[in-house]
Amino acid sequence: MATVIQIIFGLIAALIVGAAVMVVTVRNVIHAALWLIACFFGVGALYLLLEAEFLAVVQVLVYVGAISILILFAIMLTRQVTGEGVRQLVGGWRLWLTAAISALLFAVAIVPTVISHSWNVPAPPAPPGTPEPLAGVAELGRAFVYEFLLQFQVAGVLLTVALIGAIVIAFEERARRRRVLTLAEEHELRKRLAHPPPVEAPAGEPAPAPRATPISEGEVQQ
Amino acid sequence: MTAAVPLEAVLVVAGALFCIGLFGALSRRNLVGVLMGIELMLNAVNINLVAFWRYLEPRFISGQTFAIFIICVAAAEAAVGLAMVIAIYRNWLTVNADAVDSLRG
Amino acid sequence: MYDIVNGLINTTFGWNWPGWVIALISHLLVTTLLFAIAPFQMLFLTYYERRAIARMQDRIGPNRVGPAGLLQPIADGVKMFTKEDIVPAAADRWVHFLAPCVVVAPTMLMFAVLPWGPGMVPVDLNVGLLFFFAISSISAVGLLMAGLASSNKFALLGAMRAVAQMVSYEIPAVLSLLAVVMLTGTLSIVQLIEAQAGLFISSADVPGVPDLGLGWFIFTPVGLLAFIVFFIAALAEGERTPFDIPEADSEIVAGYMTEYSGMKFGLFYLAQYVLNFLLCAIAAVIFFGGWQGPGVGWLYDRAISPANPDGNWVFNLLAGFLGVFYLLAKTYAFFFVMVWLRGAFPRLRVDQLMDFGWKFLIPLTLVNIVSAAIWVALLRWGPEQGITFTQNWTPILRWGVAFAVTLAVNIVAYIALARIFAASQAEQGRIDLDEYRDTLTATLR
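Chains as they are written, first to last, in the numbering used here: chain A, 1 to 222; chain B, 1 to 105; chain C, 1 to 445.
Since the hints were made in silico from the structure, they are not lab data. Bear in mind that the values here come from a model prediction, so they are computed numbers and not experimental data. Positions of the beta carbon are idealized from the N, C-alpha and C atoms, including for glycine. Treat the hints with care, as some may be off.
Result set (EDC-like, lysine to aspartate or glutamate): computed pairs, CA atoms no more than 20 Å apart in a straight line [unchecked claim]:
{"hint": "1", "chain 1": "A", "residue 1": "191", "chain 2": "C", "residue 2": "435"}
{"hint": "2", "chain 1": "C", "residue 1": "359", "chain 2": "C", "residue 2": "438"}
{"hint": "3", "chain 1": "C", "residue 1": "79", "chain 2": "C", "residue 2": "124"}
{"hint": "4", "chain 1": "C", "residue 1": "153", "chain 2": "C", "residue 2": "251"}
{"hint": "5", "chain 1": "C", "residue 1": "359", "chain 2": "C", "residue 2": "432"}
{"hint": "6", "chain 1": "C", "residue 1": "153", "chain 2": "C", "residue 2": "49"}
{"hint": "7", "chain 1": "A", "residue 1": "191", "chain 2": "C", "residue 2": "434"}
{"hint": "8", "chain 1": "A", "residue 1": "191", "chain 2": "C", "residue 2": "244"}
{"hint": "9", "chain 1": "A", "residue 1": "191", "chain 2": "C", "residue 2": "49"}
{"hint": "10", "chain 1": "C", "residue 1": "83", "chain 2": "C", "residue 2": "194"}
Okay, the calculated bits of chain A under chain C, using three or more residues with CB under 8 Å as the criterion [stated by the list, open to error]:
{"hint": "11", "stretch": "29-38"}
{"hint": "12", "stretch": "55-65"}
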């Protein structure tokens, strides 16, 4: 059983790291976004392996279902730079500097710290195979309304503010927007401009006389 | 899981993801690419939190709670950041981070 | 399934195979069954829809291939298979190829948590309901991939419309389900169904109600409002009329499917009908009790189950058949309503769709969550939660008061929101018209 889990972990880790490398190196931004989705999936699978089912589902719901869609939308709205041949990475010494910084951070700072630190992992419960007492979704909900109530509400306010802020930033003034009229609207408007309708129908107008011809389809639609 | 894979392995994966995200955020010229790098870094932090929860404190929920707060912040950051990208694109007709330099003296 | 395979192999044949082999066999069997059922549902639903819509339009519909035209979908499938597979020269090959797969795979995964009958669920996840909707949101990525890869403006427009619609209508759908989750306190779909035993009153709310399998959530005001909102959102998610804007053939050819042909087009088609089936089924499961119905509970009490290992397998079969029958009857009834709406309503405009979702449905579901909280407080809570005035009431009195209060809240909220929404829409129309007049006066001058 342990070997199976190790193999699965290895595959997931390879997926995460490989997809992440593709995200930062691939030329086409759309492809980068798709690799990003693959990476999010890998992280979700890792959460499942770590027995955080709720978090895995939330990861898929929020990252794959919302954030990556948002990113793809932004790419779509700012297209014309996605084409091949446009240089996507900074050039020359800056590229080497950033690569060196990241590699050094990983090789000099993170890995030695992680390996050398003693983590005091608590011993697993006595007979191997018995399920460990894990905190589940119910505890999570309880934590949000008791222990982390203030933080929870602050997060709610943050999301609301972000929603409003995003709308305000991306909003385009109505006056600046180019308006394209449909044929039907144009026709209707020409008619209205030619014969301006009375502001309000006079109150004592008699009912129109019954018509001899059947009402045509176009009139019904009006 | 805890018996088969040591905590260090998970942390190294998260560290690698963080460094790749950092590289992406620093080296991409496209603003959307920069945001993608930041998302990768946030994911790496989340992996760390969940791993610490699972290995060190499986009875307490704090690790998962923190991860959910980070997901919240990531969603807010993505919304505002991408709105800014769109606004920038509308004014400068580019999403190249180097080209948006009207504050340069 | 695990119990049945285990009983067959280890008890009947006495082979004593280890547990993981039996688990593997039973999971493989279940997956095979589901993968066989899903395309069959799609074939049947296309036939059903064509016949039903034909009746509504005073036509006959497909009636040539096979008895009463029953083999028509198979003929269509053969046609689909033999068509040439065309990839546009300007398309992004890999993304274009992957998009149909990304659209189909989530719909298949959604079957994993759908219970078909008592004890007949592939996987009983403790976050099943959330899983269902998380997975369904993935297909939006596939649609976007199809639109981006086709390098066709109609495909791109269709994909943008489809994704905007799916993402915005996911919120009211999930919020309306949240009200139901509050009523039961669980995210597991199996437990949601088990909470719907009873007779018009759930026996989880009032103990002692006779169990006819009719304690559906639709009979509570909270559940009714949630169902209406959920069904509208499901129409939008499944891209059914009046929300079929993404593939409005009179405006943008076929939307994101424009550049697809042959089997890839068939896969999109499959995904769409399977998604419609699943949305109808989940509506039946959550608001109409799924397999719950008169007789199923009685039969299942006598069958082999984890609680009752020495039952009779005949009752397993009977309860299973009856449960699947109830579920499918409810599902097809909802699908009929979808077809009916298609026959009756014109298509909405994009801005009308967005306004309706964001300005009407979401506030309505938020109010519904408040009434769900009132319901829970009146029925479940006692002095230890700080609700003291209900402790001497009988359960039926509590239920009645909760019913009256939530009904009043929901009706008032609905009427108020409908009036506000109508007023805002009228105002919007007036502003638009003024703007047209200004633009046109400027251009005519």
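Going through the hints against the structure:
1. At most 20 Å may separate the alpha-carbon atoms for a hinted pair to count; residue 191 of chain A and residue 435 of chain C meet this at roughly 16 Å.
2. For the hint linking residue 359 of chain C to residue 438 of chain C, the alpha-carbon distance of about 28 Å lies beyond 20 Å, and the restraint is violated.
3. Under the criterion of a C-alpha separation no larger than 20 Å, the hint pairing residue 79 of chain C with residue 124 of chain C is inconsistent with the structure, at around 38 Å.
4. Between residue 153 of chain C and residue 251 of chain C, the direct Cα distance comes to roughly 12 Å. Compliance with the 20 Å bound is thereby established for this hinted pair.
5. Restraint check: the Cα-Cα separation between residue 359 of chain C and residue 432 of chain C comes to about 18 Å, which is no more than 20 Å; the hinted pair holds.
6. Restraint check for residue 153 of chain C and residue 49 of chain C: not satisfied, since their Cα atoms lie roughly 30 Å apart, outside the 20 Å limit.
7. Distance hint between residue 191 of chain A and residue 434 of chain C is fulfilled; the C-alpha atoms sit about 15 Å from each other, no more than 20 Å.
8. Between residue 191 of chain A and residue 244 of chain C the CA atoms are separated by roughly 32 Å; this puts the pair beyond 20 Å, and the hint is violated.
9. Under the criterion of a C-alpha separation no larger than 20 Å, the hint pairing residue 191 of chain A with residue 49 of chain C is inconsistent with the structure, at around 42 Å.
10. Of the supplied pair hints, the one linking residue 83 of chain C and residue 194 of chain C is violated, its CA atoms being roughly 47 Å apart against a limit of 20 Å.
11. Restraint check on the stretch 29-38 of chain A versus chain C: 4 residues with Cβ-Cβ distances below 8 Å, three needed, restraint holds.
12. Coverage of the stretch 55-65 of chain A by chain C holds. Counting CB-CB distances below 8 Å, 6 residues qualify, and the rule asks for three or more.
In this structure, the hints that do not hold are numbers 2, 3, 6, 8, 9, 10, in rising order.
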